Amino acid sequence: MASFEFFKKEFEFRGKHARMAGELWIQNDYGRTYFRRLIDLYITAAVIGFRVDRKAKADYAPNESKSIFPEQMIGAKEDLDFIMQMIMILENSGKMAPEESVKKAFRGVETQEEFEYYRDLFHSYVRGGVEELYERLILRSPELDEGVYDGKTANVMALLERFGDFSGVSPASC
Amino acid sequence: MRFESIALHNFMRYKGENRIEFSCEEGKNVTVILGDNTVGKTTVAQAFRWCLYGAVLTERGKRQEDYQLLNSDTLELMNADSRAKVWVELVAIDEEKRYAIRREIVYTRAFPSLMAEEFQKKLTMHISDICSSQPLVEVEERKVDELINELFPRNLSHYFLFDGERWSDIAINGVRENIKDSVHILTGLSAYQAAMKHLKDMGSYSVISKFKKKITGSGNLYDSLASECQKCERAIQSCQKEIRNIEVNISNYKKKCQEVQEYLEANRNTEALQKQYRDLGTLKKAQEERCASEHRMLVNEFSDKAYMAFAGPMVQAAMELVKAVAGERRDIPHMRQATIDYIMKGGRCICGAKLSPGTKEWERLLEQKNYLPPADIGSLLGEFERTAFRWKNRVEDFPEEAQEMASQIDGCVKEYEETCNEYVMLGQRLDAHIDFAEHRNRLRRYQVGIQELGSQKGQMQGKAQSYQRQKQHLEEEMKGLEARNEENRRWRERLELAEALYKKLSQDFTMEEKKVFKELNGQIQNNFRRMFNAKEKKIELSEKYDIQMYYKTEVGYREEKNLSEGEKIARNFAFIVTIMEYSKKRKAEKNAGAMQENDTLPIVLDSPFSKLGDENIRLIAKALPEVSEQVIIFMLKKDWGYTGLDEYVGKAYYIEKEAEKSYATIRKAEGR
Amino acid sequence: MEEISKQLLQDMTFQVLHMERKNLRSKAKNDQKMSEELQKVIVDYAKRKCWAKGQ
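Here the protein sequences come in this chain order: R, D and W. Here the first sequence stands for residues 1 to 174, where the numbers follow our numbering. Here the second sequence stands for residues 1 to 672, where the numbers follow our numbering. Here the third sequence stands for residues 1 to 55, where the numbers follow our numbering.
No incorrect hints appear here.
The following label-pair restraints were derived from C-beta to C-beta distances: (1) D:258 - R:61: 55 to 65 angstroms; (2) R:135 - D:248: 43 to 53 angstroms; (3) D:393 - R:53: 20 to 30 angstroms; (4) R:53 - D:355: 43 to 53 angstroms; (5) D:393 - R:61: 33 to 43 angstroms; (6) R:135 - D:317: 23 to 33 angstroms; (7) D:258 - W:14: 41 to 51 angstroms; (8) D:283 - R:117: 56 to 66 angstroms; (9) D:553 - R:135: 53 to 63 angstroms; (10) R:135 - D:430: 37 to 47 angstroms; (11) R:53 - D:62: 31 to 41 angstroms.
Simulated from the structure, these hints should not be mistaken for laboratory data. Just so you know, these numbers come straight off a predicted model, no measurement behind them. Don't be surprised by glycine CBs; every beta carbon is placed ideally from N, CA and C.
Isolated chain R, as found in the complex (with noise of 0.2 angstroms):
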């Protein structure tokens, strides 16, 4: 079994991540937050980075940093192993067979090398999550045909139909 093991450290948001996670993250605003705690924000945005395939390297703008610590990163570690396993099966399934990509997966990394590949690979989908929830959350006008008055809550229904498979649901009608 191996003897490296993700999400047992702090993440640092920085620079221009971190000004778009202070906007999707504000503590105590339930007003203007999308998300009750930063790690909320790390895993949904490392799933939808991974989902629309979008990679962010680092920037090193001068921002404040936000940091998720190491109690809360351990506190979501099952889920965020999940995905880890998730992104090793899919990541690989086009390089090598089925049986490799999932025994990888489930072994866990053996090398040094290894486990700061994937490691890095996961931040970069969370960096490249987080603009694309920035995007979608923050940036977007709103549309003429909204079933939603309130702007905040109309980006998040939006998201949820991009992204939320809602086969066979049909909107509420107002």
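For this one, chain R is given, so just place chains D and W on it according to the hints.
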């Protein structure tokens, strides 16, 4: 006038080109476009408005600039050098001509962000004859807006482009609409005004003015009289200009008076106001907390579940791979790690083959070890499966729940905002430390101002009249000195003909105007009563064609200034139905040889019935195809049955939006 | 001047209104041009009047 077709290209959520052809059949003049909520009906309805006037109807608190017209999918595919076009083309026809109007904007992308920037704007219009095959005539660019306003008067646009949900008392660019002129355009009375303008009112290039100049006189006396005459003319014009200015000032003062009077009236009882303010404060706080709580619920739900929903397709794909691999497992039942260790240590397999490290056989045995505890990834695979199912179950009801929460939030937010507005206004009134004396002084000053201006106006009018008399005397003298020749006789004759024509037009216009007003007013009350079963209320047109609603009290009718949404819609429906009916009737009369030529308009309705009850819907729906030349209606599938309009439908369309796609498409319905 | 016949006035009114309406719906001519057109119409009718009177 009818609409023949509309075509959209990359307009808001409609990717690529979408086109609707409208029914122009007699008797089946209704075109219906059905779709569920939020699928994109309003966007198409607004496309009419945008094409004609370059603006969409905005939601409360939002401005034109907030709406992105370029389709998002198209935008996403653009890079820094790309250009993309958005256009809407509307084709309309009347008895003689076909009008094709096209509004277009070219966008670039502020790559890499998802923002579109306007690069170029264009509005074109082409007119062609219906009957002949003559080529299209392109209207001059700077005249297009004016012509559009003539054919589709903008001040009536809120009526014939009827939005059943977005209604509010209209101010276009902050100025209240002038419906009267628009109604004149529709009834053909504007031709009278134009004729009078060209005959006399426009001043020195008018027919009458030109004719007068042709009459020659002999000698210096005649010439000096002529120049005196011109001086008088100029003086008259400047008096008239002055009079118009004074009238504007008077009207401003009157408005201010009214404001002060209303203010004094509303603020008479401060103590009650203060209690109201306190109560409102408490309510506001409670609503604010409720909003926060609703928001919190959605944020929590979103934080906890959204990512599971988003991961759906990936989990699916991963599961398929995992299952495939798990399916290929070839572990041997009841085999133990220790057993394999023993066999390997022994150097010989059960089948007898020699075992040494590095060989194929050795590797296969090592492989088997992975399928057995404790290196069993089978159990890990099982855990993966369980987590995947757990995620799927957790978000099963998520869509509906989220939708429900969104509705709740909206309800709270709207209520809270209204309360806030009320609270602020009330606060301002209380803060004003109402000094009644000061306000009364101001009122008096305005009233004095009005009086003074009134007398100034009177003086100006007197002056203008005396110049007019002077001019007439001069003209009489000139007439006397006119060269008595054939040329002058002819011009004098033509002049008199022109004057007679002007007089007739003026009289006819006044008479017609009164007649139209009376008829419209009578009919609007009938329609209102008929469609809304109104017993305690009535509506009436003011002189300026403002529609006013009155309610019955013991002492007669009082004007209702604060109408509910439903009342506003009823009022506006009655108005537009009346106008349509009237236009249609007049057009039929014209064919029987009457003087007026007038226009009809098609009517485009966006969810017109959403705020009305079933009874009203039936009554109104029935009236529409009868009174209008053409009806185009956007509505929910589920409401269609209540209208009873099936027999009038010439064409039908559906707007559909697939779940995974972000854009909508318009599909023609086969048969019906 | 002799009285202008009612019929003549009626015909003129009809023609002028028709011209004005057509122009409103096409904006082909500006105000000055329209004035010129109307002048032509009136001159024409004046001639007809003389004709009718057998002059």
